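Trainee: The residues making up each chain are set out below.
2 protein chains.
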Amino acid sequence: MARWEPHTKERLARAALELYSEHGYERTTVAQIAARAGLTERTYFRHFPDKREVLFDGGHSLETTLTEAVAAAPEDASPRAALAAGLDALGAGFRGLRARARTRQAVISAQQELQERELIKLASLTRALAEALRQRGVEETRANLLAEAGCGVFRTAFVRWVGDERPETGASAEEIPLAALLREGLDTLGDALTHD
Amino acid sequence: MARWEPHTKERLARAALELYSEHGYERTTVAQIAARAGLTERTYFRHFPDKREVLFDGGHSLETTLTEAVAAAPEDASPRAALAAGLDALGAGFRGLRARARTRQAVISAQQELQERELIKLASLTRALAEALRQRGVEETRANLLAEAGCGVFRTAFVRWVGDERPETGASAEEIPLAALLREGLDTLGDALTHD
Numbered sequence: 001m002a003r004w005e006p007h008t009k010e011r012l013a014r015a016a017l018e019l020y021s022e023h024g025y026e027r028t029t030v031a032q033i034a035a036r037a038g039l040t041e042r043t044y045f046r047h048f049p050d051k052r053e054v055l056f057d058g059g060h061s062l063e064t065t066l067t068e069a070v071a072a073a074p075e076d077a078s079p080r081a082a083l084a085a086g087l088d089a090l091g092a093g094f095r096g097l098r099a100r101a102r103t104r105q106a107v108i109s110a111q112q113e114l115q116e117r118e119l120i121k122l123a124s125l126t127r128a129l130a131e132a133l134r135q136r137g138v139e140e141t142r143a144n145l146l147a148e149a150g151c152g153v154f155r156t157a158f159v160r161w162v163g164d165e166r167p168e169t170g171a172s173a174e175e176i177p178l179a180a181l182l183r184e185g186l187d188t189l190g191d192a193l194t195h196d
Numbered sequence: 001m002a003r004w005e006p007h008t009k010e011r012l013a014r015a016a017l018e019l020y021s022e023h024g025y026e027r028t029t030v031a032q033i034a035a036r037a038g039l040t041e042r043t044y045f046r047h048f049p050d051k052r053e054v055l056f057d058g059g060h061s062l063e064t065t066l067t068e069a070v071a072a073a074p075e076d077a078s079p080r081a082a083l084a085a086g087l088d089a090l091g092a093g094f095r096g097l098r099a100r101a102r103t104r105q106a107v108i109s110a111q112q113e114l115q116e117r118e119l120i121k122l123a124s125l126t127r128a129l130a131e132a133l134r135q136r137g138v139e140e141t142r143a144n145l146l147a148e149a150g151c152g153v154f155r156t157a158f159v160r161w162v163g164d165e166r167p168e169t170g171a172s173a174e175e176i177p178l179a180a181l182l183r184e185g186l187d188t189l190g191d192a193l194t195h196d
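These protein sequence lines are chains A and B, in that order.
Heads up: the first sequence begins at 1 in UniProt numbering, then just goes up one per residue.
Heads up: the second sequence begins at 1 in UniProt numbering, then just goes up one per residue.
For the record, the hints were derived by calculation from the structure and aren't laboratory data.
A quick note: this is a predicted structure, and the numbers were derived from the prediction, not measured.
A couple of the hints might just be wrong.
Identical copies look the same in the list; a pair holds intra-copy or inter-copy alike.
[Unchecked claim] Below, simulated SDA-like cross-link-like pairs (lysine to any residue); rule was C-alpha separation at most 20 Å, straight line:
(1) Lys-9 - Lys-51
(2) Lys-9 - Val-107
(3) Lys-121 - Ser-109
(4) Lys-121 - Ala-110
(5) Lys-51 - Arg-27
With the sequences and hints as input, model every part of the structure.
Mentor: See below:
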């Protein structure tokens, strides 16, 4: 068992998502999640405080991916280019995860409490992005505006990416690049905001 | 008493904001709010389901102001111009209300539950704005992007407007136009998104 320990969190997260998707969030218990993962409830609670947080564990690494990429952009990169680098990194981080993102989205959409939690995580992502831009010397209002727009682009692209109009499974679905939708979104928004 | 009836909601909202600001949200009861407004608890609950909603009653009229102005923009107005018309209307709707907005903001900032409720209201505003743009024939992704950006501009301008750096009271503070900050935000964002 010990050699599996590093994957414990991941196993619990997968088991939770499966059960929420199969039986609904409300009807699933922590005991069932732990059992599905072949672990104990005690182990579950060592990793997650409740049955909600297991769905949002990726939030922190999302934030780190985004802000580190913004910080790592060349010193002379424009604020827009730094933002684009951040979105590219986010897109790359979701590569191969569309089916899972899609399942998670369906679970969250079915439950108001989870939608609210998602909004809070996105607001936190926006604040972190604004701070990363300010750290590059971007003036505060401009940094806030770009962060709001950048997270809006992310949300819009993400909804398209997991959207219904594409095949649900199979290699081709997995290869639809979120990164391309993010880039396209950034261009479209810039275009829409400057054409009167 | 009867002739005051149309102002009942407004009196309750003012009394609640005063008490939340003076004693804190947690420590204020509906009974105290009703007493401050010179009304009964029963009357309070005819207008609001709980002590939280009294702070968010303006949300619906905000949404109506925004979407009606977007719909009323000239038929040949660009999506950006329609969005700008909506933001202008929002700005005009807040004229003379800075001191109150500032107090409300302070109450909300002190309480996580209220911040979460504010995020939910803003997400609803974003959806309504996207729908108003789609009704004008704006393509879905473009409408979603502009709605996200427009609400981001609103949030950023609003925070600046109620911000600490300006005088708290007096005629001059009341005359700082939110509408001007909204216009400036829209221009700044368009500029930042198109300069590489």
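Trainee: A separate judgement is required for each hint: does it hold in the structure or not?
Mentor: Okay, the hints, checked on the actual structure:
no.: 1; hint: Lys-9 - Lys-51; in the structure: within (13 Å within a copy, 39 Å between copies)
no.: 2; hint: Lys-9 - Val-107; in the structure: within (19 Å within a copy, 38 Å between copies)
no.: 3; hint: Lys-121 - Ser-109; in the structure: both (15 Å within a copy, 17 Å between copies)
no.: 4; hint: Lys-121 - Ala-110; in the structure: both (17 Å within a copy, 18 Å between copies)
no.: 5; hint: Lys-51 - Arg-27; in the structure: within (11 Å within a copy, 30 Å between copies)
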